[in-house]
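Generate coordinates for the entire structure from the input sequences, incorporating the hints supplied.
These protein sequence lines map, in sequence, to chains A and B. Add 1 to the 1-based position in the first sequence for the working numbering, that's all there is to it. Add 1309 to the 1-based position in the second sequence for the working numbering, that's all there is to it.
Read the hints as simulated data drawn from the structure, not as lab findings.
EDC-like, lysine to aspartate or glutamate: derived pairs with alpha carbons at most 20 Å apart:
#1 LYS1425/B to GLU58/A
#2 LYS1425/B to GLU63/A
#3 LYS1425/B to ASP274/A
What follows is the residue order along each chain.
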Amino acid sequence: MPHGARSIQVLRGEALSARQRVLRILGAAGPASLWLLIFFLVPLFLIVGVSFLSRGEFGTVERPWTIEPYRRLAGYGLLGFDPLHPIILARSLALGAGTALLCLLCALPLAFFIAGLRPTWKTAALTLVIIPLWTNLLIRTYAWQLLLAPEGVLSRVAATLGLIEAGSGLYPGAAAVYLCMVCDYLPFMVLPLYASVEKLDWSIAEAAMDLGANGWNVFRHALLPQIKPGLFAGSLLVFLPATGQFVIPDLLGGAKTSMIGNAIQQQFLASGDWPFGSAIAVVSLGVVMLALWAFSRQSRGKEEMDLL
Amino acid sequence: MVALALFLFLYAPIVAVVVFSFNAARFGTGWKGFTLEWYASLPGNQVALAAAWNTFLLALCSTAIATFLGTLLGYALRRYEFPGRRLLGRLLHVPVFVPDIIMAVSLLIFFGLVRKWCGLFELGLGTMIVAHVTFQIPFVAIVVRSRLAGLDPWLEEAAHDLGANAWQTFRKVTLPLMLPGVLAGAMLAFTMSLDDFVVSFFTSGPGSQTLPILIYGSARRGITPDINALSTLIIVLSALATVGVTLLQRKREG
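Structure representation (structure tokens):
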């Protein structure tokens, strides 16, 4: 193996036979790869397979092969057309995109603010962003039940403003879900965005200003292209988990905020309808793959990949 | 100002949990005075203690396995040239992005089918460890691989020239140099395991309840004050860990 073997032999200064080389690579990369093959890839293919089967007793599947689960997901049920599941799908995508957008709006000023701090304060501010990230998501989620309860301050303010009926809480509902989503995922947007802002070349912005561009145009044409890698990376880091989120809608939302994650959970743990649950999972997996593919096409320079 | 408001927003839920853990009210969210009662009752709470033990055991076992396998993989990806290396490196990002609920149900199906076929994988701590290792490996491998990028390959070569064999070189030179990366990967894996709820929820069995599962259950029924006390302890521990890691990193970077 002339070309493949070359680098390693020069690098380690030892002559390995092709056989030794193969054994070493297998020994190092093999176990983990095998593990991921068995416990990650095979199960993924399994859900694809199961999604084309018929449902058996609770939590079992049987033949014949069918596309019935997908027909149901598209809205064609036993009782005619029912848009419930298409709506859930659209709602989840909207939640993911909405959360990413809101996070972006909050993260932009925060990233610029942190980047402008003196080094000591910078580290402190970044640590402050990271601490919530290391704090259990479940705790940060149920906390909103306390914050948004009817007798809480926020609910009273909202009631005084006439946003909600007096005496009712902000939770459960879509507002609670969005608030909690943005709060939980904000660090994922701030960190890659900050990494991009930190590297900004401000001379381009200065040149734009000297040439008479107004504030918006400076941002749009001189700064935005430079922070695009962080922006894309952050959006992906928020959009993907937010779309599949099931704990937050489950704890803070009502029936009207049921998402893909809740639908999957219900099919597997409550209804025991594995084929239908798998079909929902396969479709959302498709969404993930699509987003990843679009992202990797965007980031040809590989710069974004490093941010992840 | 805006930044300050955003930090307030970020910390509002955490502060709320801490404050309510000192609230004397047994039910509801009204303030009924300061108490340490909920902390005092924790040591006698057998369910919480068992859950804490399970969480710790699960994180420890899965992190040990994932760090071992992930480190080897990260090392191979950086040091050796082999067909499929780039592809493998890219595929490693896929488990990172697949939503945890999909990984959870696919493992649930996998365990179910294998169990029916040969009786293995009875749901419990064992299946949870397997599941956690699966989502931890890619993170460890990615961290180790990126930390190895900054290593000077000549050091290995020097060791070899001085008469060390491959194993000695790895043991005495490469591993110590890799250690910060390995530790960083292990810390990440450990935290992810502690933090995980969804995958644990789907792959747990009777008697293998973890703290996140316990908290979820009580959040569904309505939070009780002792859960706030328990959560406050978890928050304090994670904050200390984060600050500790940051300080360590600063120290190493000089």
